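Using the hints, position chain R against chain P.
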Amino acid sequence: MKHKKIISAVVGAAVAGTIGFGAHANEMVKYEVVDGTIPQSLTGVAGDVANGKKVAINRKKGNCLACHTMPIPEEQFHGLTGPSLEGVAERMNEAELRMRLVDPKVVAYDTMMPSFYRTGQHRVLKDFEGKTILEAQEIEDVIAYLRTLK
Amino acid sequence: MHKVKSVTAMAVLLGAGLALGACTTESTTKDVMKHPYKEVWSGYSTATPETRAMQDDDFANPYMPYVDAAAELWDTPAGEAKKSCADCHGAPDDAKGGSMGIPMKGVGAKYPAYDPESHGPINVELRIQKCQTDHQKAKPFKYESDELLGMTGLVVMQSRGMKRETKAAEQSDPLYPAWLQGKAFYYQRRGQLDLACKHCHEDNAAILVRAELLSQGQSNGFPTYRLKWQKPGSLHRRFRGCNNNIRSEPYAYGSDEYLALETYLAWRGRGLPIEGPSVRK
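So the protein sequences, as listed, match chains P and R. In this note's numbering, each residue's number is its place in the first sequence (first place is 1) plus 21. In this note's numbering, each residue's number is its place in the second sequence (first place is 1) plus 2.
It cannot be assumed that every hint is accurate.
Unchecked claim - To be clear about the criterion: a stretch of chain P counts as covered by chain R if any three or more of its residues have a C-beta under 8 Å from a C-beta of chain R, and this derived list gives those stretches:
1. 86-92
2. 99-106
3. 133-144
4. 149-163
To be verified - Restraint-style ranges between C-beta atoms, simulated for each label pair:
5. 71/P x 212/R: 19 to 29 Å
6. 54/R x 95/P: 29 to 39 Å
7. 75/P x 119/R: 54 to 64 Å
Hints in this document: simulated from the structure, not taken from any laboratory. Keep in mind the model is a prediction, meaning the values are calculated, not measured. We treat Cβ as the ideally placed atom computed from N, Cα and C, and that holds for glycine.
Only chain R is shown next, with the shape it has when bound in the complex:
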């Protein structure tokens, strides 16, 4: 038992690319779970006054038309089952969560959750797709389609202001293996520029790279409307962008690799208020 534990702890540290001497199991595990930041802050802090003002006012937030369109789809029966989201969950802001008793409030704060079917993390996008396939018997919206972005925005919005929570870093949590995998990803150098996430978002947060002020690269603002994209985008689109920028082959939307990274990132940002859909430059 003791042995198993310390082996896992070793794996964690190796995953993080750290050299490790002889440590006791206790302190090793604690070191691993130690928070990487003294203070956790949102990308909102380093956003421009213009994008902040847009985010602060739902009437100015360019994401909202997509959410409005999704609100209509929410009430529209679909698929062979001819059921709407509302048939099962009530209104998006129904605190009781409709006939199934599953409210949308809180989803954005506690996802990615554990999916017993895939034995791994499931994020809001994939959960929506799963409801479409399993319960509506419908063809799911494509990842990164306007429909799925709108619906994700609508769902996540119900958790605005709630604090990000996760237990994924605890060995007893079923998301722990994904947390480990995500952590290894975060600290691994990649691409022709040979950079890890941590070089920009941990070592250099709040510092300028050319004209860009680096944030901690937190996920609490997602989904987000990016002015550069002229469109809403998912967290996985951001991951792909950050990978591409350092000339690294990106992974697919909804891939295991990005789901693990999303799980780990949620832990790095625990306690941050959910802002999605946010606005960024």
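The following block holds chain P by itself, in its conformation from the complex:
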């Protein structure tokens, strides 16, 4: 039996963009959680591997290296609070990865990993209120990059 849940769209406030970080308060894309995965692409546009790698590294965007070791030797200091992402494409499919990035708490209640496509957290800094950490297409780009980690 499939468990289906629709997460409703959240309309964010107007874009201020004073700091110029990625997270824009555009209308959020609706997505469907199916058995702890998100099978459908958020945008329908194929992810860009090169940009995905950039977003993953960028400290103001994914900042994945804060917590994960990744096969990116040119970057110093990989964090160790999360599992290594080397070979992650062999362990997880696209739908599972999308869930992990969009809102990992759905599958790991107590995880340290941020929800990269969610709003409404407690006491968010004014500049980031109503904004997601990554944009929908950036999520797809990171997934495309992670899929190359075989």
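Same frame as chain P, now just chain R:
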């Protein structure tokens, strides 16, 4: 009576964000007070050799010039009352505590204390300000000013090596409500990154986040000189930093929220030796 107790215990667990089945009052209360760490250790343990060496030698500790300046203010009469700290407390290291019989030694180890006026916790910074207002009839130093940081360092230093103590987790203690509030704060996710203190300082202590080696986030080293700040800083400045880093709106210096968190943190670090003013990266 019994009912009241278990309701409080429930509140504690809910505050901690834990799911709770049916428990007896006894075991619930004990669980709540159980120490979160197997072993308690200071941020000194994960500090760099450079900052440790600076902290170990008062002549190298960049905090000390601020303490020296405060030592002069200690002896200087101020305010309408034209009284100095020394007039009431003697020298900062006077074991008898001067004419009032209130020594500075021990203050750093047992604060935050209960303030009957505010019915809540008072920390060293606010206590100094209170002495300025009430006893010197002077305008208090501003929170996070060089003067207040210096004076806090001077006071806390008298307790170096003493062990942190607190009874705030006991229901009979007047600081118990603040302890509960602080605990709820510690375990609540916040900010765009959606992290609680516990995710970094309980679940991942001694583990690297990027180039930073996480400590237990204890308070025994405060106030501290941070090389990154190029300046001394209070515990509340550190709280604001940790809140900001996860993109969470910080609270004000000396706010009830941070005083409660400070009260709870003291309990998490009970038994640790007071190190302030320490040096950190």
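Now the hints, each set against the structure:
As drawn, the region 86-92 of chain P meets chain R at 3 residues by the rule of a beta-carbon pair under 8 Å; at three or more, the given contact holds. Remark: the region 99-106 of chain P is confirmed as covered by chain R, as 4 of its residues place a Cβ nearer than 8 Å to a Cβ of that chain, reaching the required three. A stretch counts as covered by a chain when three or more of its residues have a beta carbon under 8 Å from one of that chain; for the region 133-144 of chain P and chain R the count is 7, and the coverage holds. Figure legend: the region 149-163 of chain P, annotated as covered by chain R; annotation consistent (3 residues with Cβ-Cβ distances under 8 Å, at least 3 required).
Taken as a hint, the range 19 to 29 Å holds for the pair residue 71/P and residue 212/R, whose Cβ atoms sit roughly 23 Å apart. A beta carbon spacing of about 31 Å between residue 54/R and residue 95/P agrees with the range 29 to 39 Å that was offered as a hint. Checked against the hint of 54 to 64 Å, the pair residue 75/P and residue 119/R passes, with Cβ atoms roughly 55 Å apart.
Comparing the model with each earlier hint shows no violations; every hint is respected.
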